[in-house]
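Positions 55 to 382 (my numbering) are the ones given, in order, by the sequence shown.
Rather than coming from a laboratory, the hints here were simulated on the basis of the structure.
Being a predicted model, the structure only gives us computed values, none of them experimental.
Take these hints with a grain of salt, some might be off.
Unchecked claim - Derived CB-CB ranges, DEER-like:
1) ASP215 - MET55: 14 to 24 Å
2) ILE228 - GLY166: 21 to 31 Å
3) ASN90 - PRO186: 55 to 65 Å
4) VAL84 - PHE275: 25 to 35 Å
5) SER274 - LEU363: 54 to 64 Å
6) GLY166 - TYR366: 43 to 53 Å
7) LYS128 - PHE311: 49 to 59 Å
8) PHE315 - ASN90: 21 to 31 Å
9) TYR360 - SER234: 47 to 57 Å
10) LYS128 - ILE357: 23 to 33 Å
11) GLU209 - ILE357: 47 to 57 Å
12) GLU76 - PHE311: 38 to 48 Å
13) ARG300 - TYR216: 20 to 30 Å
14) LYS168 - LEU224: 17 to 27 Å
To be verified - Derived pair list, reagent style DSS-like, types lysine-lysine, alpha-carbon separation capped at 27 Å:
15) LYS128 - LYS210
16) LYS202 - LYS221
17) LYS202 - LYS165
18) LYS279 - LYS350
19) LYS279 - LYS122
20) LYS350 - LYS376
21) LYS210 - LYS221
22) LYS280 - LYS165
23) LYS286 - LYS118
24) LYS221 - LYS299
25) LYS202 - LYS96
26) LYS350 - LYS286
27) LYS286 - LYS75
28) LYS202 - LYS127
29) LYS221 - LYS280
30) LYS202 - LYS279
31) LYS118 - LYS128
32) LYS75 - LYS279
33) LYS122 - LYS202
34) LYS286 - LYS221
35) LYS376 - LYS280
36) LYS96 - LYS128
37) LYS96 - LYS118
38) LYS127 - LYS75
39) LYS221 - LYS279
40) LYS376 - LYS286
Even glycine gets a Cβ: it sits at the ideal position worked out from N, Cα and C.
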Amino acid sequence: MNLIYVNTGTGNSLKVALWMKELAEATNVVLMNLGNPAEELKLSDRLGLVTPTHGFTAPWLAIKFAWKLPAGKKREAFCVATRAGIVVRGWQPPGLAGTACFLLALILFLKGYKVKGVMSVNMPSNWIQMHPGLSINNINQIKERSRKQVELFYEKILAGDYYWWNKNNLYEFIFGLLLSPISFLYLVIGRFTLSKIFFANSNCDTCGLCAQACPVGAISFNLDKKLFWSYKCEACMRCMAYCPKRAIEASHPLLVFYLFFYNQIIGKYFVMLVTRLGASYGLVFGFYQVFHFLGKIKWINKIFTYTTLTHYFRRYHEPEIKLSDLLN
55 MNLIYVNTGT GNSLKVALWM KELAEATNVV LMNLGNPAEE LKLSDRLGLV
105 TPTHGFTAPW LAIKFAWKLP AGKKREAFCV ATRAGIVVRG WQPPGLAGTA
155 CFLLALILFL KGYKVKGVMS VNMPSNWIQM HPGLSINNIN QIKERSRKQV
205 ELFYEKILAG DYYWWNKNNL YEFIFGLLLS PISFLYLVIG RFTLSKIFFA
255 NSNCDTCGLC AQACPVGAIS FNLDKKLFWS YKCEACMRCM AYCPKRAIEA
305 SHPLLVFYLF FYNQIIGKYF VMLVTRLGAS YGLVFGFYQV FHFLGKIKWI
355 NKIFTYTTLT HYFRRYHEPE IKLSDLLN
């Protein structure tokens, strides 16, 4: 039995895992936040990790999950990272997963797994905090090409072959190393900052679907029924992508303010980074509390809503993945 654990926000990584399952029916696909590796691995002889890319590396959720896995005992394993794919006049430039697969593979190796291969693959870019969702035509073009690549990779894994030495992995390794400082800063600063620009516009009817669907339980309602995002947020875009009311926004003016703040507090005193980070987390939390409080005032909420580009962006989630597929 092949066991694939998936970390997914908008369904891209889950779709990749389901393509693999179609190739080999003896493949069990489990969401990382719903899995129980201690029991599930007892029935499996091959382990796969499929995850998106955040900040040119693996998301914190996937890193923690890999580290907490039981000892490998020479069990075969593989890693796949989805990366942001776009289409430019019919051309699909490679995305950049950076160290995502290599970091997870290293953790698995240290835990005693026999890592047979890693792969990064384009899927439609879903960072709708920062850009509009792709058109359905571009989505289909990317998926058609990527499915073939995924199937070729998984066929080799099923055959017991290694999948390490190829141009794509060399490209990822080189640029992953070059961008590793950015990946580090993303893990210690960026992911927390991105969690503190979300807010709900006046379309929110407090249905609670986003809080229920959040894979890390980062969304909650305060006493006056207003949505609040905690530092646990991984910015996976699930809440924005699947909200039926298009009620969830990300404030670009607030992000610009944070960037200015970090430049002033950290940029000039990088040698005191650790100390300054502790203070900055608290201050960002304080700024977000003020932002959140002001957002309760209807006319100010309107200003917040119409001054962020996400209000005008097309939303995106994997067209064939329903929200219910991510909840069980």
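Verification of the hints:
Restraint check, ASP215 to MET55: a C-beta distance of roughly 19 Å satisfies the suggested window 14 to 24 Å. At about 28 Å, the beta-carbon gap between ILE228 and GLY166 stays in the expected band of 21 to 31 Å. Between ASN90 and PRO186 the beta carbon distance is about 38 Å. The supplied range of 55 to 65 Å is therefore violated. The hint said 25 to 35 Å for the Cβ distance between VAL84 and PHE275, and at roughly 29 Å that hint holds.
Range check, SER274 to LEU363: about 26 Å between beta-carbon atoms, so the 54 to 64 Å window is missed. A hinted range of 43 to 53 Å for the beta carbons of GLY166 and TYR366 is consistent with their spacing of about 50 Å. In this structure the supplied range 49 to 59 Å holds for LYS128 paired with PHE311, their Cβ-Cβ distance being about 51 Å. In this structure the supplied range 21 to 31 Å is violated for PHE315 paired with ASN90, their Cβ-Cβ distance being about 41 Å.
With their beta carbons about 38 Å apart, TYR360 and SER234 fall outside the hinted range of 47 to 57 Å. A hinted range of 23 to 33 Å is violated for the C-beta pair LYS128 and ILE357, which are about 59 Å apart. At roughly 54 Å, the beta-carbon separation of GLU209 and ILE357 lies within the given 47 to 57 Å, and the hint holds. The hint said 38 to 48 Å for the Cβ distance between GLU76 and PHE311, and at roughly 46 Å that hint holds.
Between ARG300 and TYR216 the C-beta distance comes to about 45 Å, which lies outside the given range of 20 to 30 Å. Checked against the hint of 17 to 27 Å, the C-beta distance between LYS168 and LEU224 comes to roughly 22 Å, which is consistent with it. A threshold of 27 Å between alpha carbons decides the hint, and for LYS128 with LYS210 the separation of about 18 Å falls inside it, so the pair holds. For the suggested pair LYS202 and LYS221, the alpha carbons sit about 17 Å apart, so the restraint of at most 27 Å is met.
Note on LYS202 and LYS165: the hinted pairing is violated, with a Cα-Cα distance of about 31 Å set against a maximum of 27 Å. Taking the CA atoms of LYS279 and LYS350, the gap is near 10 Å; set against the 27 Å cutoff, the hint holds. Using a Cα cut-off of 27 Å, the hinted pair LYS279 and LYS122 is violated, with the two alpha carbons roughly 35 Å apart. A C-alpha spacing of about 31 Å is found between LYS350 and LYS376, which places the hinted pair above 27 Å, so the restraint is violated.
With a CA separation close to 16 Å, the supplied pair LYS210 and LYS221 stays within the 27 Å bound. Taking the CA atoms of LYS280 and LYS165, the gap is about 42 Å. The hint is violated against a cut of 27 Å. For the hint linking LYS286 to LYS118, the alpha-carbon distance of about 13 Å falls within 27 Å, and the restraint holds. Distance check on the hinted pair: LYS221 and LYS299 sit about 43 Å apart at the alpha-carbon level, beyond 27 Å; violated.
Between LYS202 and LYS96 the CA atoms are separated by roughly 31 Å; this puts the pair beyond 27 Å, and the hint is violated. Our distance criterion of 27 Å between C-alpha atoms is met by LYS350 and LYS286, whose separation comes to about 22 Å. Taking the CA atoms of LYS286 and LYS75, the gap is near 30 Å; set against the 27 Å cutoff, the hint is violated. The suggested pairing of LYS202 with LYS127 is violated, with an alpha-carbon distance near 31 Å, which exceeds 27 Å.
A distance of roughly 48 Å separates the Cα atoms of LYS221 and LYS280; the hinted pair therefore is violated under the 27 Å criterion. Among the hinted pairs, LYS202 with LYS279 is inconsistent with the structure: their alpha-carbon atoms are about 46 Å apart, more than 27 Å. The suggested pairing of LYS118 with LYS128 holds, with an alpha-carbon distance near 20 Å, which does not exceed 27 Å. A threshold of 27 Å between alpha carbons decides the hint, and for LYS75 with LYS279 the separation of about 41 Å lies outside it, so the pair is violated.
A C-alpha spacing of about 32 Å is found between LYS122 and LYS202, which places the hinted pair above 27 Å, so the restraint is violated. Restraint check for LYS286 and LYS221: the C-alpha separation of about 36 Å exceeds 27 Å, so the hint is violated. Of the pairs offered as hints, the one joining LYS376 and LYS280 holds, with about 25 Å between alpha carbons and a cut-off of 27 Å not exceeded. A distance of roughly 13 Å separates the Cα atoms of LYS96 and LYS128; the hinted pair therefore holds under the 27 Å criterion.
This hinted pair checks out: LYS96 and LYS118 have alpha carbons roughly 20 Å apart, not beyond 27 Å. Between LYS127 and LYS75, the direct Cα distance comes to roughly 24 Å. Compliance with the 27 Å bound is thereby established for this hinted pair. Among the hinted pairs, LYS221 with LYS279 is inconsistent with the structure: their alpha-carbon atoms are about 51 Å apart, more than 27 Å. For the suggested pair LYS376 and LYS286, the alpha carbons sit about 24 Å apart, so the restraint of at most 27 Å is met.
In the structure shown, a violation is registered for the earlier hints numbered 3, 5, 8, 9, 10, 13, 17, 19, 20, 22, 24, 25, 27, 28, 29, 30, 32, 33, 34, 39, in ascending order.
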